[in-house]
Amino acid sequence: MPTFNLKINNETHSVEADMDTPLLWVLRDKINLVGTKFGCGIGQCGSCTVHVDGNAMRSCLLQVSQAEGMDITTIEGLSENGDHVVQQAWKEVDVPQCGYCQAGQIMTASAFLNNNPNPSESEIRNAMHGNICRCAAYNSIEEAVKLASEKLS
Amino acid sequence: MTPSKKLTFSRRSFLKTSALAGGGIIIGFNLFNSCKSDVKPAIDLSQLNYNDFNAFIKISPEGKVTIFSPNPEIGQGVKTSMPMIIAEELEVAWEDVYVVQAPLDTANYNRQVAGGSQSIRHGWTALRQTGATAKQMLVNAAAAKWGVDASECSVKEGVISNAKGETFNYGDVVNEAATLEIPEEVSLKDPNDFTIIGQGKGNVDIDRIITGKPLFGLDYKVEGMLYASVLRPPAFGQKLESYDASAAKSLPGVVDVITIGKKVRAYNEAGNRNWSMVMSDSDKVVVIAKTTWDAFKGKKALKAVWKTDTPLESTEKHDEILNGLLTGKEFNTRRKDGDVAKAFANADKVIERVYESPFLPHNTLEPMNFFADVTDEKVNLVGPVQTPESAQKVVADLLGRDIETVSVDMTRMGGGFGRRLYGDFVYEAAEISDAIRKPIKMVSSREDDMTTGVYRPAIKYRIAASIKDGKLTGYHLKEAAVNSNMYGLIPNFFPAGAVENYQVDTANYRSNITTGAWRAPYTNFLASAEQSFFDELAEELGVDRVKLHMDLLENVKNNPDPKIEYSPERLQGVLKLAVEKSNWGKSESGVYQGLSVYYCHNTHVAEVADITMENGIPSVKKVTCAIDCGIVINPLGAMNQCKGGVLDGIGHAMYSDFGFSNGVPQSNNFNSYQLIRMGQTPKVDIHFIENDIDPTGLGEPTLPPVGAAVANAIYKATGKRLTKQPYMSNMNVEEKILG
Chain Y
1 MPTFNLKINN
11 ETHSVEADMD
21 TPLLWVLRDK
31 INLVGTKFGC
41 GIGQCGSCTV
51 HVDGNAMRSC
61 LLQVSQAEGM
71 DITTIEGLSE
81 NGDHVVQQAW
91 KEVDVPQCGY
101 CQAGQIMTAS
111 AFLNNNPNPS
121 ESEIRNAMHG
131 NICRCAAYNS
141 IEEAVKLASE
151 KLS
Chain D
1 MTPSKKLTFS
11 RRSFLKTSAL
21 AGGGIIIGFN
31 LFNSCKSDVK
41 PAIDLSQLNY
51 NDFNAFIKIS
61 PEGKVTIFSP
71 NPEIGQGVKT
81 SMPMIIAEEL
91 EVAWEDVYVV
101 QAPLDTANYN
111 RQVAGGSQSI
121 RHGWTALRQT
131 GATAKQMLVN
141 AAAAKWGVDA
151 SECSVKEGVI
161 SNAKGETFNY
171 GDVVNEAATL
181 EIPEEVSLKD
191 PNDFTIIGQG
201 KGNVDIDRII
211 TGKPLFGLDY
221 KVEGMLYASV
231 LRPPAFGQKL
241 ESYDASAAKS
251 LPGVVDVITI
261 GKKVRAYNEA
271 GNRNWSMVMS
281 DSDKVVVIAK
291 TTWDAFKGKK
301 ALKAVWKTDT
311 PLESTEKHDE
321 ILNGLLTGKE
331 FNTRRKDGDV
341 AKAFANADKV
351 IERVYESPFL
361 PHNTLEPMNF
371 FADVTDEKVN
381 LVGPVQTPES
391 AQKVVADLLG
401 RDIETVSVDM
411 TRMGGGFGRR
421 LYGDFVYEAA
431 EISDAIRKPI
441 KMVSSREDDM
451 TTGVYRPAIK
461 YRIAASIKDG
471 KLTGYHLKEA
481 AVNSNMYGLI
491 PNFFPAGAVE
501 NYQVDTANYR
511 SNITTGAWRA
521 PYTNFLASAE
531 QSFFDELAEE
541 LGVDRVKLHM
551 DLLENVKNNP
561 DPKIEYSPER
571 LQGVLKLAVE
581 KSNWGKSESG
591 VYQGLSVYYC
601 HNTHVAEVAD
611 ITMENGIPSV
621 KKVTCAIDCG
631 IVINPLGAMN
641 QCKGGVLDGI
651 GHAMYSDFGF
661 SNGVPQSNNF
671 NSYQLIRMGQ
681 TPKVDIHFIE
691 NDIDPTGLGE
701 PTLPPVGAAV
711 ANAIYKATGK
721 RLTKQPYMSN
731 MNVEEKILG
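Taken in sequence, the protein lines are chains Y and D. Heads up: the first sequence begins at 1 in the UniProt record's numbering, then just goes up one per residue. Heads up: the second sequence begins at 1 in the UniProt record's numbering, then just goes up one per residue.
Excised from the complex, chain Y in its bound form (with noise of 0.2 Å):
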């Protein structure tokens, strides 16, 4: 089995894995890493978003023979103790229900405020559309990505 050095979180990993395992497995079954979530292995419900080079990315569809050299960060690493912005803003409006799908939502909303600090509401929407929630707490998904915003600006 080929080994692969992986950047996540500001730290080097060696892991042992089949070529075509996904970065999703490697984080949560050989890195202990298990906060990004397995919900759906096909990149349609976003529980499994990471960012990889700044950008969100499903890491349910990348592979870890793609994902050497690149510049991972997982839940885990978003904040030293929880105090991201976003993660401040999810706290302040209270925004999880059963929270299986949170990290993927937290995620996904932290790489689009990087790039995009001032969104409208129609670019919120579109932005967070391709994460799922089975408990439904959009409105208050939609509540904390601009809570953040305006905190960032």
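Quick caveat, the hints were computed from the structure, so don't treat them as lab data. Among the hints, a few may not be true.
List time: in silico DSBU-like cross-link candidates among lysine-lysine, alpha-carbon distance up to 35 Å [said to hold, decoys possible]:
#1 Y:K151 <-> D:K683
#2 D:K622 <-> D:K547
#3 D:K349 <-> D:K300
#4 D:K468 <-> D:K336
#5 D:K249 <-> Y:K30
#6 Y:K151 <-> D:K213
#7 D:K336 <-> Y:K91
#8 Y:K146 <-> D:K621
#9 D:K683 <-> D:K349
#10 D:K468 <-> D:K586
Simulated restraints, written as ranges between beta carbons of each label pair [said to hold, decoys possible]:
#11 Y:N32 <-> D:N268: 33 to 41 Å
#12 D:N691 <-> Y:H13: 52 to 60 Å
#13 Y:Q63 <-> D:R265: 56 to 64 Å
#14 D:R437 <-> Y:Q63: 45 to 53 Å
#15 D:K300 <-> Y:N55: 58 to 66 Å
#16 Y:Q63 <-> D:E223: 26 to 34 Å
#17 Y:N32 <-> D:K378: 23 to 31 Å
#18 D:P183 <-> Y:N32: 19 to 27 Å
#19 D:N268 <-> Y:D71: 37 to 45 Å
#20 D:R437 <-> Y:S120: 55 to 63 Å
#21 Y:H13 <-> D:D694: 47 to 55 Å
#22 Y:N55 <-> D:S672: 56 to 64 Å
#23 Y:S14 <-> D:K156: 51 to 59 Å
Computed list of chain Y residues with no C-beta within reach of chain D, every gap over 12 Å [what the hints assert, rightly or not]:
#24 N5
#25 K7
#26 N10
#27 D53
#28 G54
#29 N55
#30 Q66
#31 Q87
#32 L152
Glycine is no exception: its CB is placed at the ideal position from the N, C-alpha and C atoms.
Fit chain D to the supplied structure of chain Y, relying on the hints for placement.
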């Protein structure tokens, strides 16, 4: 603080205290036995096999308060709201309370179930009495130390004061309190004096959720744990004939390939099959591997041959059968007032409509999974299940173990919606670990989860009404459903008691497709059907929609019916509030409004949907929702539940479709099954009726009415009555928004 209600209750049956070895006090209480006798579960929870409902609070000599929340947390917020009720009466600051999820412990807790929107309703009085009793014992201990009467003492935020201004913290007197008799009578607070209840408190797990800490079943792991992926029959009605695992076994991450199914089959053949045994009796092939991905890959490499055991069913066949049942004569009459046949014969006009709904998978975002570690001595089970007690008992029986040697620990659940009431995934995990005697985690893929589900059954309703001299004289509801019919309370929901001649009939067809409870069972579609029908009825009668309901409810008030489940006053109350808050009838041009009012899970709800039409496609812009659930414990959590219920209801009424072809589910992932996404969601505006009535359920009741509110608004916009869900397919508008 003015003590209000004096309550005498048989405390010994539901409370006990003991001193802790390391100092402090622990108070155990039996929540369920303390319920008022008029408490009736909204669904037949007796089938869930619970008798009791207990929990604990612990106060340490340092004054720290730990509340063990007994009920499974599936996103409904009880891990926050139930401890809030205790903390209120205990008179401690919420910030000083530490909440812990209690493990399954049948010796000390018994009814640990999440289901039927009943946790708060059942727990309300007992949780308050427990907090109040603990506070009184601490006050009594302080009073004894001071040599004063307890009535001269007061408490604020865990500090007891006497008339001289001396103070004790709870921790100072907790060891003495543990030795006192449990007081015979305690005062409960006046709701006007509540300082925690009614204040929005954030989710107690929030920090762990937003930082991605391990919380869910899928996150749980132990050293040496292997992953298991289960190949189940691809079609309902099929069984395993043979399989070839050679390609799977040659994969580097695959450890073993085994079959399971014998234990469950033996258990069922011995006549033990209980309500939770929803799985197929077929053998299943299990790939055991080092990682989840290895297990999924191994499963894809299996070659299996399936044989048809029972007929393979299709949606067309279900339609035909259910339509046949609706027009047939074989019915079970569930409620009959007056004589509907006579009313219909004498009518000036009869209106009749058929409403149709598809099967629906639950699609919890965390797929089914469970950890099992079976050794010679014990069975350790960990994971997300809404009914841990039943799971423990069935696993003990399946594996032939003493129940004392089977432990179940509950993780936070990535959604339930009814799916995790059924323990099939726990039994599979247990059977796998029993076979290989290693700790394993059974993990379903999304495809496994969606295609081997416990679906909401497809249901059709036929509703007919008779009109005579401009009045509604008869109402006849018929239900034709797959596998099971509405539970016993539903025939007593509105409009029971409001129409002189009223009848509810049900019939069902037994299918080999597994079905079960899905958020707000039966009412999740029945409300859409009935409240769409009332819209049409009002039009036929030439009466304003709101006035029709107000008048019918006035009939009920004038002719009280002890059998009805709802309160006509409270339904009128939510209707008035929704009308006021939504600007009903005064919407701006291009905005169309639809109304729906419904009672279920002991809660009264009225909703108004505002829609616009964009290129022939309806877009829901806003839903105004008025709710009477009595006292709201945690407005923040309650708001989340209600908004989520409304949006979940819109999503499934408008977009989600699910069918079968020769036993095979026709969708298997989110690229072929539409769940509502942000771009399809309106703003939800929630208004609670303010009163001091004991609280009722919130996890489900906002979902059922919204389908009709949307359908009625679409009618206003298009002139088309929608009777078949999902509405978008019925309008021939396929709007797929996928990731």
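State, for the Cβ atoms of D:R437 and Y:Q63, whether the hinted interval 45 to 53 Å holds or is violated. Since the Cβ atoms of D:R437 and Y:Q63 sit about 34 Å apart, the hinted range of 45 to 53 Å is violated.
Below or equal to 35 Å on CA atoms is what counts here, so check D:K468 against D:K336. Since the Cα atoms of D:K468 and D:K336 sit roughly 20 Å apart, the hinted pair holds (cutoff 35 Å).
Say whether it holds or is violated: Y:K7 keeps its Cβ farther than 12 Å from all Cβ of chain D. holds (18 Å)
Straight-line alpha-carbon gap D:K336 to Y:K91, limit 35 Å: Violated, at roughly 51 Å.
So Y:N55 supposedly isn't at the interface. Is its beta-carbon more than 12 Å from every beta-carbon in chain D? holds (16 Å)
Is the nearest Cβ of chain D still more than 12 Å from the Cβ of Y:L152? holds (17 Å)
Straight-line alpha-carbon gap Y:K146 to D:K621, limit 35 Å: Roughly 18 Å separates the two Cα atoms, so the pair holds.
Would Y:N10 pass as off the interface with chain D, using Cβ distances and a cut of 12 Å? holds (16 Å)
Holds or violated: D:K468 to D:K586, with C-alpha atoms at most 35 Å apart: Given that 35 Å is the threshold and the Cα spacing comes to 31 Å, the pair holds.
In this structure, is the beta-carbon distance linking Y:S14 and D:K156 contained in 51 to 59 Å? Because 57 Å falls inside the window, the suggested range holds.
Least C-beta distance from Y:Q87 to chain D larger than 12 Å: violated (4 Å)
Say whether it holds or is violated: Y:N5 keeps its Cβ farther than 12 Å from all Cβ of chain D. Holds, because the least Cβ-Cβ distance between Y:N5 and chain D comes to about 19 Å, which exceeds 12 Å.
In the structure shown, a violation is registered for the earlier hints numbered 3, 7, 9, 13, 14, 15, 18, 19, 22, 31, in ascending order.
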